[in-house]
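Peer 1: The chain contents come next:
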Amino acid sequence: GEQVEQLPSILRVQERSSASINCTYENSASNYFPWYKQEPGENPKLIIDIRSNMERKQIQGLIVLLDKKAKRFSLHITDTQPADSAMYFCAASKSGGSNYKLTFGKGTLLTVTP
Amino acid sequence: EAGVTQSPRYAVLQEGQAVSFWCDPISGHDTLYWYQQPRDQGPQLLVYFRDEAVIDNSQLPSDRFSAVRPKGTNSTLKIQSAKQGDTATYLCASSPPGAVFFGKGTRLTVV
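Just so you know, the protein sequences line up as chains S and E, in that order. Numbering-wise (our numbering), the first sequence opens with residue 1 and increments by one. Numbering-wise (our numbering), the second sequence opens with residue 1 and increments by one.
Check each hint, because a few of them may be wrong.
Claimed, not checked - Derived pair list, reagent style DMTMM-like, types lysine to aspartate or glutamate, alpha-carbon separation capped at 25 Å:
(1) E/K71 - E/D40
(2) S/K45 - E/D30
(3) S/K45 - E/D51
(4) E/K104 - E/D86
(5) S/K94 - E/D51
To be verified - On the chain S side, residues computed to face chain E include the following (Cβ under 8 Å):
(6) P8
(7) E39
(8) P40
(9) N43
(10) L46
(11) G61
(12) R72
(13) F89
(14) G97
(15) S98
(16) N99
(17) Y100
(18) K101
(19) L102
(20) F104
(21) G105
As the list claims (entries may be wrong) - Label-pair restraints from in silico Cβ distances:
(22) E/Q80 - S/D67: 36 to 46 Å
(23) E/S81 - S/E55: 29 to 39 Å
(24) E/K78 - S/D79: 27 to 37 Å
(25) E/D51 - S/L46: 16 to 26 Å
These aren't lab readings, by the way, just hints derived from the structure by calculation. Since the structure is predicted, the reported quantities are computational estimates derived from the model, not experimental observations. Beta carbons: idealized from backbone N, C-alpha and C, even for Gly.
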């Protein structure tokens, strides 16, 4: 199987600063690493993902880094805004076709203060 | 494009009662997942289907939980004889090749 550890569990930053969340995984066969943002009462929404053939991916203010040797991946949110406040989950999967057996971390509660 | 649709949104049961959750995946997505998300934790996979076939139900408590997807489209997750420990949000998700998309879930409280 797979196990994913996510840290920190709580993160509080000031508006316009950066926030970083780190995850590690165990299964070297995992090849797909998505990040989800979940607001209270809402569904987890995919915000960015990275596959094992990449080391870095950026979508606007979101940066994901993947270190396959260390089995570690991270999310960096630059220029944070209060609207970024939410739970963030990392996940890992050995994917093929449309099969994604995602294993999630326990989540990070991010609060961005004005 | 319509997202993953789930019903009901909320359910409150007494211990020992049964409940069914319904999921309509995104049209054309052949893979469907059921996850359990306890409060303040990450989602945990219960079962997933490719079309109508169960691919993995190893994390489904088989004595009280069952899931079906008879025509490879909609799916039902049923809990017989609910326990307080089943209190959680039950999320359905679906995927084409590329990514997994979640519904808003059913928040179950067992008292």
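Peer 1: Which of the listed hints are broken here?
Peer 2: Hints 1, 6, 7, 8, 11, 12, 23 and 24 contradicted; others consistent.
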